[in-house]
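Visitor: Add chain B to chain A, keeping to what the hints say.
Taken in order, these protein sequences are the chains called A and B.
Those letters in the first sequence? Residues 0 to 432, by numbering that gives the first Met the number 0.
Those letters in the second sequence? Residues 0 to 444, by numbering that gives the first Met the number 0.
Simulated from the structure, these hints should not be mistaken for lab results.
Ideal placement from N, C-alpha and C gives every residue a C-beta, glycine not left out.
Hints are supplied without guarantee of correctness; some may be wrong.
[To be verified] Per the computed footprint, the stretches of chain A lying under chain B, defined by three or more beta-carbons under 8 Å from a beta-carbon of chain B, are:
#1 215-223
#2 324-330
#3 368-381
[To be verified] Short, incomplete list of chain B residues facing chain A, as computed with Cβ under 10 Å:
#4 A180
#5 A181
#6 E258
#7 G309
#8 T383
#9 V397
#10 R401
In case you want the letters, here they are:
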Amino acid sequence: MNLSRRSFLTRSTSAALAGAALSRAAAARGATTLTAAELAGALPPGVPNVDYRPVITPDGATLEFRVVDGVKVFHLVAEEVEHEFAPGMTVRAWGYNGRVHGPTIEALEGDRVRIYVTNRLDAPTTVHWHGLILPNGMDGIGGLTQRPILPGETFRYEFTLRQHGTFMYHSHHDEMTQMALGMMGLFVIHPRRPSEPAPDRDYAYLLSEWRVEPGARRPDPNEMSDFNVLTLNAKIAPATSAMVARTGERVRIRVGNLSAMDHHPIHLHGHTFTVVETDGGVIPPAGRWPEVSALVPTGSTRTLEFIADNPGDWAFHCHMTHHVMTQMSHGIPNLIGVDASRFDEELERIVPRYADMGQGAHAHGGGAIPPNSLPMVGTRGPFGYVTMSGMFTLLKVREELREGVEPGWYEHPAGTVALPASAADLARDGVAH
Amino acid sequence: MKLFAQTLALALVASCTSVARITERERDQLSRELHARVETAAPDLDQARSLARLERPIGRDDAVAIALALAPEAREAFAALDVASAARARAELVRNPLAQLEVLRLGGDTDVDFDLSQPLAELLTRRARIERADAQMQAERQHAARTLVRLAYDVRRAWLEAAAAERAQQLAEERFEAEAAAARLAEELHAAGNLVESELALSRLALAGAREKSTAAQMRAELALLRLARRLGAPDARVELDRSDELGAPELALESLAESAEASSLDLREAEARVDAAARAAGLAGREALLERSSVGVSAARDDGRRGAGLTLGLALPLFGGVDVARAEARARLELERERHAALSLDVHERANTLLKSYLAAAERHHTTAQELEPAARRFVDDTLRQYNAMQIGVFDVLEARRMELDAQEQLLARALELNLIAADIEELRAGSLPQQNALAPELE
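One chain only, chain A, in its complex shape:
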């Protein structure tokens, strides 16, 4: 192309103006550290561990890319996946690149990304880049902004990342089915020029919910309200890997929620945190306040930050009590106030062979349960059984940590663990036993 100086200037000016307009629009709708000129031009692709500290997706993975002519090229393959929520429970789900959920896409603000999506499902699909500011035709809404990607086809999405923060991607064609089967992932964009201290530990979680009948092997997308598998990065406790931090470290936990019908109040024990970002952008410091729980509405992300200053094994979980139970049912009689062991006793009279099946319905373990199910499973802790599963994991804060080595259970300093009160204690404090 033969450009005259006038036409070059005209184009540059137009581009700059357009970039400024986009930058203002982006600033209004999301966070950016880029100038209008930078947004209008081509920035060098961000390099992990150079331009940003990569995020950790516990029990997940990060999508690899290669750079072609200054563009980061990713490839997502939508396909059926055999997925294990925890040992003993596997489902046939739908995901990307052999995983459920799909791998985390990670890039730097200003990167130009080209994402190929190959459909190896038997159903048409699309991918929506949830929260990203991009051209309308790249938004991935089947029937609205593009035609669906038919089985066997590969589509190309390409756009420049004009914001930073925690975002998500998911199917936006027959969403009810495809998201219920697991077609989602995280999309993390790091700021090109961070205005705040970078975290020492940067964790990312995607929350989702499923309906899997105990004994079944396929999530039920028709479920509207009675979800019985609540996951952190598609895992349930005790299969959720713990986060770790050294005392004094700045920890960031990004939490996205693509549950079908539920919001999740995510609660961290032993610390207070602030919500520094939503997927709408950075929350100005003046607008932040300390929290111990953050409600993460469905279709949203929240980024929590805090200094890990309290050693111990701290629970991190959804505070909806049924969301830390796996395959919990509510169609059973209310047994409070009666002797539950009598039920097993009488059940042997209702079905005499029940005695041969092993009992333990109202305890944890012991009785035969449906295959491929984890009803009421919890975690074995240092003091006994932890009766939580589902959206539950731990933050292990230690004075010393060896990177890559699971630190084990916290060793409590003497006198810092609750114990049965002694008679002397009770007498001293006038507490009736």
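Guide: Chain B in isolation, oriented as in the chain A frame:
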């Protein structure tokens, strides 16, 4: 005189026949026939030993053996055979000679007449009468055998019904136990404030229904045992069934059932013997009518001091058509027996075909129930228990599944009884007795 002497000698020989010998022979023959036809141990006709066998649980074969010794129907059959044996013995006999002495005093004289005569009819038709009696004996033997075979299978059916009724009672008790346990839990939950009144009422309702069903099943089982005891000929005995003798699917040879049923039919053999006897009776009728009052004898007299002796011969004169009537009646009886045989043959054929189709249908239903429905219900309960252990459902959901399983077990029992009763009918048919029409499974409920 020589003729008379020969006649008398012949009558003497004929009168030497022994009823006891014929009776013993016929009983022995009947026992062997029965053993060959009813697949059971050789009948032990000793009543004391049979009563002793009732002191322990009995299987279906035990029941048949006991009944053959104790049941009045069995003894009646042997007694009827004894009657037939006596009739057969009588056929060999000839009537005793008739002696007549006439003494008349006329004035001063005394006249004396002495006649000795022997009826001719039995003598001259003896062989034909024996052949007719043999045919009738044959018919009676077949009849007695048929009676015993029927008794054997009536007993077997009564045992099957009693065993099924006992099992039904057991299932009803299990249902009652289950409902009672659930009702106790419902009471506890209600007392704790966790269960509403209407759900408690439902639980009580189900328990009452189960209790009623259990009581009815117990009554049916007791009645079935009473019926069996009556069939066994020991109505006051406390019969206990051997539960190891289960109501499974019997194995039967079904090929050429109609043909083999016809070949082995005691009813048909009896009917054939009666046709034969009627045919022989028809052949005899004319001669018997003709010789009805005929006799040959000797006569001696003293009259006015004179003495003399001579032969006498008495003949009935066929002036008024009695011979023709006798022949016509005999021929009509022969025709009647032939028609009876033909009708019976059709019955055997039809019953064989009906039973075959009934058995195949019942076997299919039993197979489906045993191989699919009942196992599915069982698996459902097992999975329900696992779901209960997994706290997905409550105890009342398990009860609901258990009800379905008990329903399926009752259905399987009904199908097994139906199949075994039809099988007993087929075995009875193969053993030579035409089963009663109403021998299909009664409803257990």
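Visitor: Each hint should be assessed against the structure and marked as holding or not.
Guide: Status of each hint after checking the structure:
1. Counting residues of the segment 215-223 of chain A whose CB lies closer than 8 Å to any CB of chain B gives 0, so the stated coverage by that chain is violated, three being the minimum.
2. Closer than 8 Å: that is the beta-carbon criterion, and the segment 324-330 of chain A has 4 residues meeting it against chain B, so the requirement of 3 holds.
3. With 5 residues having a Cβ less than 8 Å from any Cβ of chain B, the segment 368-381 of chain A passes the three-residue criterion, so the hint holds.
4. For A180/B, the shortest C-beta to C-beta distance to chain A is roughly 4 Å, which falls under 10 Å, so the interface hint holds.
5. Proximity of A181/B to chain A holds as hinted, the smallest CB-CB distance being about 6 Å (cut-off 10 Å).
6. Interface hint at E258/B: violated, since its Cβ lies 48 Å from the closest Cβ of chain A, which is beyond the 10 Å cut-off.
7. A hinted interface residue such as G309/B counts as satisfied when its beta carbon comes closer than 10 Å to some beta carbon of chain A; here the least separation is about 99 Å, so the hint is violated.
8. Annotation: interface hint on T383/B holds; nearest CB of chain A at approximately 8 Å, less than 10 Å.
9. Hint on V397/B holds. Least Cβ distance to chain A is approximately 6 Å, under the 10 Å limit.
10. Interface restraint check: R401/B against chain A, minimum CB-CB distance 5 Å, threshold 10 Å, status holds.
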